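Trainee: In case you want the letters, here they are:
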Amino acid sequence: MTKKQYLEVGVWLSLSIFLGIKSIQLDLGTLSSPGPGFVVFILAGLLLLLSLGLLIEGNLLRKSFVQRPTFGIRSLCIVCLIIGYVLIFRKLGYLFSTFLLMTLIFRLMGTKWWVWALGEAFLATLLSYLVFEVALKLNLPPGIF
Amino acid sequence: MDAFNNLMAGINVALQPTNFFYCFSGVFLGTLIGVLPGIGPMGGIALLLPLTYRISGMASIIFLAGIYYGCQYGGSTTSILMNVPGEASTIITCIDGHQMALKGRAGPALGIAAFGSFIAGTLGTIGLMLVANPLAKIALKFGTSEFFALMVLGIVVLVSISSKSILKSLVMAVVGFALSLVGIDPIAGSERFTFGVLHLNSGLDLAPLAIGLFGVSEVLIDMEESIKASFNIIKTELKEYFPSLKDWRDSAGPILRGTVLGFLVGIIPGGGAILASFASYAAEKRLSKHPEKFGTGVIEGVAGPESANNSATSGGFIPLLTMGIPSNAVMALLLGALMIHGVRTGPLFMSEHSDIFWGVIGSMYIGNVMLLILNLPLIPLWVQLLKVPSKILLPLILLFCILGSYSVNNNILDVLIMSLSGLGGYVLRKLDYEVAPICLAFLLGPIMESSFRRSLIISDGSFMIFVTRPITAVTLLVSLFLLVYFGLKRKKIFDLDLET
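Protein sequences appear in the order of chains H and C.
Note that the numbering used here has the first sequence beginning at 1, numbered continuously upward.
Note that the numbering used here has the second sequence beginning at 1, numbered continuously upward.
These aren't lab readings, by the way, just hints derived from the structure by calculation.
Only a predicted model underlies this, so the values are computations on that prediction, with no experimental measurement involved.
Do not rely on the hints blindly, as some may be mistaken.
Unchecked claim - Simulated coverage check for chain C against chain H, where a stretch passes if three residues somewhere in it have a Cβ under 8 Å from a Cβ of chain H:
id : region
1  : 28 to 36
2  : 171 to 177
3  : 308 to 316
4  : 391 to 397
5  : 441 to 454
Stated by the list, open to error - Below, a list of computed lysine-lysine pairs in the DSS-like style, where the Cα atoms sit at most 25 Å apart:
id : chain 1 : residue 1 : chain 2 : residue 2
6  : C       : 293       : H       : 112
7  : H       : 3         : C       : 430
8  : C       : 141       : C       : 103
9  : C       : 430       : H       : 4
Just so you know, even glycine gets a beta-carbon here, dropped at the ideal spot from N, CA and C.
Take these sequences, add in the hints, and give me the full structure.
Mentor: Right, here's the structure in full:
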C-alpha cells in the first residue's frame, strides 16, 4: 500500500469517527423511537467497516500494480480562483469580478497572450451578462458599477 | 383505449408552444452535449438543471428528458467520425462505427445510428406506456420497509456495476447519504451538520453539488488531458447518410433485439444506457454467423448498441415514475428536478400527475421525431463545433457552472459549495472513485432515512420487519447477492489483470 492509500483510508476513518461522535451528540434515540443521530451512527459504523475493507484490499495488492494518480497544480489554482471569486463577488459585482476570474482562467487554461485572455474574458463576461441578467433576469449583484 | 386517449392528450400537452419549445431545446442541447466528448448527460443535466427552476414541472421534465435521450443520439457522431465517444454509452459504437468510417462508410454508420435510435426510442416509449401502469398498481401495496429495501437495491446495483472497487463505490454511497443529512431532521425537526450556517438549514442543494461533482471535476480533468488536441475528423456528405437495403436487412434484427434488451436493462435499478449498449454488442456478437468480423466495421455492431442505449433511457423512467426510485444517477437528477417543483414520483404519480406522465410520454414521441429530423443535417455543425479549442470551450463551461450554481438561490455560497464539491469530485475521480453513487445516495438519502426510521417505529424497534415482510426480505436478499456476486466477480477480473 502506498502512502497516498494510507492517507485515503485515514480520511475515511476520520470521517467515520467524526460521524460517530456527532451521532451521539445528536441523540441516538431508541430502537422503537430512533433519534436524529440514529442513521448517522449506522453510517459511521458502515464507513468504519468500509475503511477497514479498503485497508485490507490495499494491502492485498502488489505495490507495482498500484497506479499513482498525479494531481495538477493548475486544477487546484482554478478552485482557489473560484473561492477568491466567491469572496469578491458581492463587493465588486458580477461584471468586474467575473472579468477578473475569466481572464485568469483563460490564461491558466492555455491562452498564451494576456491581450487575448483579456479579450476572451471580456466577451465571455459580456455575453453571460446579456443572457443571465438581461434575458433571464437573474439579479446579479451590480457591485461597484 | 384509455391508454390511447391519454396518449393523445399527452401529445396535445407536449405540442403546446411552451412545452414544444422546451422539448426542442432539450433534444437540441442534449445532442450538443452528446457530441462534446467528456460532458455526458449527467454533467449536462446538472449544468442545465438550474434553468428549470423558473419553468413549470411539466416543462422542466420534458426539457431534461429531452437532454437525456438527445445525448444518446449525439454521442454516436463523435464515436463514428473521430473514434472519441461523445458519452459513455457510445463507447462501444467506436469499435465498428469508426471502422466503417475508415472504410468510407461513415454515412451509413451515422444513418443507421440515427434511424436505430429513432426506432428504439419510439418502441421504448410504447413499452414505458404499457408497463408503467401495472407496475404502479403493484407499488401501491408497498409499505415503508419495502421502499427502504428498494432504495437499498437501487444503490447496490449502481455500486455493483459502476467502479473497479465495490468498496470504494460503497464509501461514495455512504458519503452521499451523509451529505443528504445536512439540514433539519425530517422527524425530530432538529438541526444536523449545519455548523450555525443559516443557509445549510434547508440542506444542501442538488444542483451545486452535482454541477461540482460532474461539471467542474470534468473540466479540471479535461484541462489536463486536452483530449481535443488529436482529433481527426472523417468527412462525409449529407446524401451518403442513408443506409442501403442490405444495411437495413443486416440491421433489422440487431435494432429490434437491442430495443428489447436495452429496455429491460434500463428498468433494472442501477442499469442504464451504458450497460445496455455493452450487453447488446455482446449479444449481437454471440448471435452473429460471422462473429470474427465484429470489430472490423460491421453495421450490426452499430445498430444494436445504438438502439439499446436509446430504449434504455425510456426503460429507466419506469422505476422513477412508478416507484419514485431513480434507476441511475441521471434519473436521480430528474427526480431532483421534479421534487423542486413539488412533484413526488411514486405509485400515486400516474393518478395524481397524469398530465405530467402522459405529457412526458407525448414529448418523447415528438422529441424522437425531432431528433431524427435534426440529427443528420446538423452533423456538419457539430463537426465545426468540435474544432473549437478546449482552451476556449472549458473556461466557458466553467463560467456556466458558476452561473448555474448561483442561479439556484441567487446565493454565492452555492458557488462555494460547487467549487468544493468540484475539487472533491476531481480528487475522488483521480483516486479511481466513482462519483455517481454520491449523487444517487444524496437524493435517496432523506427518503431512505424516513422509511427506515418509520419502519422501526411501526415494528416497535424490531429489525424483523425487514425479514418477515416477503417483498422487503427478497429485495434485501437480492441486494446482498448482487454485492457478493459482483464483488467476487470483480476480484476474479482484478486477479486476471494482475497476472497479465
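Trainee: Would you pick out the hints that fail for this structure and give their numbers low to high?
Mentor: Per hint list: 1, 3, 6 and 8 violated.
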